[in-house]
Amino acid sequence: MKRGGLLPSAPSESGGATLAYFDAVDDAYLRAAAVHGGTFDHNYSVAGRTVTVRFAGAALVGELTRAISHLTADAAADPDLTICVWDSESSGIALPDTPWPVQAFQDRREMWGVNGERVRVVYEFAEEPRLHVYDRERKTAILWAQSAKGICFYERAAPFFRPFHWALGERGLQLAHAAAVGSSAGGVLLGGKGGSGKSTTTLACLAAGLGAAGDDYVMLEDGTTPMAHSLYNKAKLFANHMRDAMPALLASVVNREEMEAEKAVVQIDDVYPGQLVVSMPIRAVLVPHITGEQKSELVESSSALGITAIAPSTVFQLRWAGREDFERIASVVRRVPNYQLRLGRNLEHAAETIARLLVT
Amino acid sequence: MPTRYRVSSPNIVADVIDGEAVIIHLEKGTYYSLLAPGAEVWEAVTRGATDVETQREMKARYAGESSDIEHAVSELIAEMEREGLLLGESVTGEGAVVVHTDAVSVDRPPFQRPELKRYSDMEAILMMDPIHEVDEAGWPAAKRPE
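Residue numbers (the working numbering), protein chains in the order written: chain A, 179 to 538; chain B, 5 to 150.
In case anyone wonders, no lab produced these hints; they're calculated from the structure.
A few of these clues could be false.
Chain A stretches covered by chain B per the calculated footprint, using a threshold of three residues with CB under 8 Å from any CB of chain B [to be verified]:
(1) 267–276
(2) 472–486
(3) 502–515
Even for Gly, the Cβ is constructed at its ideal location relative to N, Cα and C.
Isolated chain A (complex conformation) (with noise of 0.2 Å):
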């Protein structure tokens, strides 16, 4: 059985299976939307482009619509993404039985299989299994959940990750496993895995007043000024670490009962109102290092740095992503100075550090 799971190594196959699952998962779609008596719909501008999500009933719209509440719009004519979401319990209607061997899966827990050039396919079941489908050509995508337990906190955090790569990735944007902060005047986008002190920097930086885009996926956009916009309004930090560096902030911990097993996850836009940016010019990427010193530095480095920083770990998160998505990121990273920010014990200090670079 194949490993991985990225665009080289995916199965493929004519597309027509796969458009044909996609419209039996379509019909259960409408048949749970007519169980509950019509859709719920939520209308968002993402990167400037348009989003629909349909909820067929109201469990999922809590668990998947706080995070991006901050990007509500008016409803569109023809969005750029239509987003249909439904789950089984609440609807009593079963997700189509696969028509696939379990050998055309990847051998991951995450894992996605199956896909043509027209339908992507990607079935999770880490908690409670997940299925997303998505039809390129009719800008279309269908997230089925088991149930709203299924609803990870990471998926709670930026929902709808998969089908905002997919289909905006199509409109020249790139989702990218970054922070940005800042204002929309000008802002630095910060690159690194997980522990690396992304999150910190960004929660030091709105603690000291800067505004910030996302803690941990921004839509990068390679204009004539290279751009970084938001798509989640939520922060997490490891429990721990926020109870020694920002105990302050525990108080505003939005799913506090999980915090230890998960993260510590706060809402930006409700602990620092008016300090959310949607999008900001990238002015340089830097990419965070503790040292254990009390204060903060930065080094002049080569894009080398910020690419190395921000693109593997995104494609790999990513699914039915490979060189495209490297090389848009690769783009953006360079046509800005790189820095290694040699992130100090003195938060305030790095979030000072940073300003003065923006005001430069």
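Mind docking chain B on chain A? Use the hints.
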């Protein structure tokens, strides 16, 4: 007999940035970085130069014992082959590839043994629990605790 290499694409994506090669193995979940002169070896072999041509190119660019440079280049290429980044095939004669051997000068920098830095900290994202069971509808499922 010389060996020509190609990137074992499409599982590999790479870029050379400011003299540093960043290489990602999409299937394995590993990524690599190579500084000069390793990045130049990567650039040469992926351009289509054979191992022998690449050795010649490095000897033209760097000062050092000829045999040391040849050995270090061979070792690096072999390591990249073991990591699944390159695929080699024996060739007869030399191809139409441009080989940069005209950079010889008296002030060539000293050759330093290249090091392929391997980062496997992302593997966990890809290599989570394998499929153990299949549910009644045919979907794969994680093994439930006993």
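Do the hints match the structure? See the list:
1. Counting residues of the stretch 267–276 of chain A whose CB lies closer than 8 Å to any CB of chain B gives 4, so the stated coverage by that chain holds, three being the minimum.
2. Only residues whose C-beta sits within less than 8 Å of a C-beta in chain B count toward coverage, and the stretch 472–486 of chain A has 5 of them, enough to reach three; the restraint holds.
3. With 4 residues having a Cβ less than 8 Å from any Cβ of chain B, the stretch 502–515 of chain A passes the three-residue criterion, so the hint holds.
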